Each structure stands twice: as C-alpha cells, then as structure tokens.
Amino acid sequence: MSQLLLTTLGVVCPNCDELSSPGTAKCGNCGADPYGATPAAKTLPGATASLAGRPATASRPSPPAIPPLVAPRVPTAPQGIATATPVPGGTPVPHAISTATTPVAPLPAIPALARASGPKDQPPGLSSRPGVRVMDVVPPGMRPTLRPGSTPAAYEAPQPIPASDLVRKPPTVPPASSQPSKFSLAALAGAQRGQRVRLSQSCQIGRSRGQILFQDDPYISALHCSLTVRDGRLYVRDESSASGTFVSVPGQEQIQQNVHFSAGGRLFRFMGLLNAPQTARSGAAIIYGAPLPPGHVVYGVEEILVGSRGGRAVVTGGALLTIGTSKCDLSFPADEGMATRHCELSPTPSGALLRDLSGGLGTFIRLQGTERALTPGDKIRIGNQILQVEA
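Sequential numbering from 1 applies to the sequence shown in the numbering used here.
Because the hints were derived from the structure by calculation, they are not lab data. Just so we're clear, the structure is a prediction, and the values are computed from it rather than from any experiment. Please note: incorrect hints may appear among the correct ones.
To be verified - If you anchor each label on the Cβ, the simulated ranges turn out as follows:
id: 1; residue 1: Gly-265; residue 2: Lys-182; range: 24 to 34 Å
id: 2; residue 1: Val-197; residue 2: Pro-250; range: 18 to 28 Å
id: 3; residue 1: Val-306; residue 2: Glu-239; range: 19 to 29 Å
id: 4; residue 1: Arg-233; residue 2: Gly-311; range: 36 to 46 Å
id: 5; residue 1: Ala-222; residue 2: Gly-307; range: 14 to 24 Å
id: 6; residue 1: Arg-312; residue 2: Glu-239; range: 29 to 39 Å
id: 7; residue 1: Ala-186; residue 2: Leu-292; range: 41 to 51 Å
id: 8; residue 1: Ala-319; residue 2: Glu-239; range: 35 to 45 Å
id: 9; residue 1: Gln-257; residue 2: Asn-384; range: 45 to 55 Å
id: 10; residue 1: Asp-231; residue 2: Ile-286; range: 49 to 59 Å
id: 11; residue 1: Gly-295; residue 2: Ala-242; range: 35 to 45 Å
Cβ coordinates follow ideal geometry from the N, Cα and C atoms, glycine included.
Taking the hints into account, I'd like the entire structure generated from these sequences.
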C-alpha cells in the first residue's frame with residue numbers, strides 16, 4: 001500500500017525539504033536520497049567548512065530584511081490646545097493619538113493655568129504668545145481673565161487690596177429718626193383697635209403723610225401731629241391740624257378761657273369767667289337781668305358741634321359743673337364712651353380746674369400750639385383714634 005502511495009505522490013527531501021517528483025531516486029536540489037539515503041557531502045553555495053572534521057550544514061538563506069517601522073507623524077496641536085499632561089515627578093506623558101483616518105474629536109479643555117514658552121523671568125499666566133505648551137495647576141490667589149486677543153486659559157493675579165480697606169470700619173449708624181425707641185403706641189379705640197406700633201426717635205402721624213397713617217378717618221389731617229423722643233422722654237406736637245390733638249388729663253388740670261376738651265364722643269369749650277362788667281359812670285342805668293350770686297363767679301361750658309358750631313351750653317355760678325350720661329349739668333345718655341359722671345369743672349380766679357372722673361375712659365385737653373411731654377399710660381386722641389403710650 002505504501003509503495004503505491006509513493007509512486008503516486010511526491011516525496012519531500014529530509015535534507016532540504018524540497019518536494020521531488022514521484023519515483024525520483026535523488027533530490028533534484030541537493031542530490032540526497034529522498035527515501036532516507038544520505039548523499040556525499042559537498043560544498044554548497046553559502047555553506048561553511050566543518051569544524052573538527054564534521055560536515056558543514058548548508059546555511060539557509062536569511063529572510064529578507066523588514067524595513068524599520070516609522071512612527072506616524074503626530075499632527076501639531078492647534079493654538080490654545082495642550083498636547084501634554086504633567087506627571088508629578090516625571091516628564092510629560094503624551095496623550096494617546098489614534099492612527100485611524102477618521103478625525104478624532106479634541107479632548108475637553110482642562111481648567112488649568114497656561115504657561116507659554118516665553119522668557120524664564122516672565123511670570124506664569126501672563127503669556128506674550130498665544131501658543132500654549134504646558135498645563136500647570138492653578139495656583140492659589142489667581143483668577144481667570146478673558147481679555148481681547150488672549151486665550152481662554154489666560155490667568156492673572158488679583159489686584160492688591162489697599163491697606164485702608166483691610167482696617168475694619170465701624171458699622172454705619174442709621175440716622176436718629178430711624179432708630180427704635182423704648183416707647184410704643186397701643187390703639188384703644190378706632191379702626192386699628194388692639195394693634196401696637198414701636199415708635200422711632202422721630203415719628204409723624206397723619207392720614208396721608210407720616211409713618212403712622214389712618215387713611216379712613218375723616219377727622220385726621222394729612223399731617224396731624226409729630227412724636228419725638230428727646231432726653232429719654234416722649235413729646236407730642238400738633239401740626240396745625242383742623243380737629244386738633246388731645247392729651248389725657250392726669251387726674252386734674254388747670255385750664256384757661258377758650259380751651260377745648262373732650263369727654264366721650266363730645267367736644268366742649270370752656271367759656272371762662274362771665275362776671276358782669278362794672279358800670280362806667282355812676283347813676284347810669286343797669287342792664288336788666290338776674291342778680292349775681294353773692295360771693296360767686298359765673299362761668300360756662302359750651303358744646304361744639306361738627307363744623308365748629310355751638311351747641312348746648314351751661315352757664316352757672318355754682319361750685320361745680322358736671323358732665324356725664326345722667327344727673328349732670330350736661331347729660332348725654334346715648335354716648336357709650338362717657339361715664340355716668342365723666343368729669344367736672346370748678347372755677348378758679350384765673351380759669352377752672354378740670355377733673356377727670358371717668359375711671360379710665362379719659363378726659364382730653366387740646367394742645368395749644370406747644371409740644372407736651374408724655375409718660376407711659378398717657379393717652380392721645382386724634383380724630384376717632386385713641387392711642388396709649390407704653391414703655
């Protein structure tokens with residue numbers, strides 16, 4: 001069977017690995033027996049002499065030289081894009097560059113300080129050329145600055161702070177008028193009843209002007225009165241209002257002729273002493289009238305209606321003139337803000353003494369163009385509003 005294969009298939013020379021034709025007695029390349037017989041040694045081209053009598057083996061031809069690999073040329077990075085990344089303690093390591101023909105998107109910009117290849121004494125961050133070569137970490141105290149013609153990675157040091165700005169300045173003191181005081185107002189009557197407001201060193205009250213406004217009260221002027229804190233005390237002053245500013249009577253107070261005072265929802269005017277004048281000449285006729293009470297003076301109180309019109313009046317020579325809701329010289333049963341015996345007047349040589357008997361409701365005297373000192377517990381009446389001073 002093997003002889004049949006040898007006569008049909010070729011045979012490979014065991015000496016030179018050359019394929020011979022079927023049935024060939026010797027190799028056509030080296031002359032050796034392809035079936036196992038070794039031919040006589042002979043010198044072949046490229047063979048070397050044997051050492052110590054050993055036959056030399058024919059050297060195989062050297063493989064063709066492979067040309068050295070040429071590193072692909074790395075395209076120069078455009079201006080403003082870094083080509084290397086610093087490695088702590090070593091040389092910059094180049095970024096991996098793809099050799100594919102498809103264009104590769106540039107790496108995102110790294111927020112770092114750009115240092116140009118300028119003179120060594122040039123401070124970092126102030127590059128004179130737009131080309132950026134090396135990326136460094138942004139040092140403390142540096143801030144980015146984008147100036148016309150500079151790269152986005154340009155940085156500059158901040159401007160020095162003047163020494164005067166380093167000195168701590170005292171806080172600005174607000175004006176005295178805006179500083180809060182120890183006084184406040186509590187509304188006892190009116191539309192704002194139950195509310196409280198903290199007073200500043202200077203405060204104005206009115207219907208359309210001032211810090212405290214009562215826009216729905218028709219009896220309050222545009223600028224009605226002013227409140228001022230001075231030397232630890234609170235003062236109130238009327239600002240020529242139409243209806244006036246009233247202050248509560250602390251127990252009793254001396255009043256003069258034509259002074260206005262308020263009790264409940266009523267306004268009154270003290271008419272003063274009404275003693276009849278003495279006749280100028282003796283023997284003249286005396287105007288007829290009732291006789292004067294012996295040893296007494298005559299005085300009177302008039303009610304003032306809306307619009308400064310006169311209303312009810314009482315003229316008496318008695319020791320007291322009373323005002324209240326019942327059994328008084330002037331009685332107003334329908335006035336809910338008035339006590340049964342609200343107040344009384346007694347004549348004095350220069351006027352009358354007004355005494356409050358309301359039990360906390362208050363009897364108020366109108367200010368006569370001068371300011372008045374207030375203490376905690378005093379009440380102010382403007383229009384339909386009653387405000388109490390609190391500390």
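Structure-based check of each hint:
no.	hint	result
1	Gly-265 <-> Lys-182: 24 to 34 Å	holds (32 Å)
2	Val-197 <-> Pro-250: 18 to 28 Å	holds (23 Å)
3	Val-306 <-> Glu-239: 19 to 29 Å	holds (21 Å)
4	Arg-233 <-> Gly-311: 36 to 46 Å	holds (37 Å)
5	Ala-222 <-> Gly-307: 14 to 24 Å	holds (19 Å)
6	Arg-312 <-> Glu-239: 29 to 39 Å	holds (31 Å)
7	Ala-186 <-> Leu-292: 41 to 51 Å	holds (48 Å)
8	Ala-319 <-> Glu-239: 35 to 45 Å	holds (38 Å)
9	Gln-257 <-> Asn-384: 45 to 55 Å	violated (27 Å)
10	Asp-231 <-> Ile-286: 49 to 59 Å	holds (57 Å)
11	Gly-295 <-> Ala-242: 35 to 45 Å	holds (42 Å)
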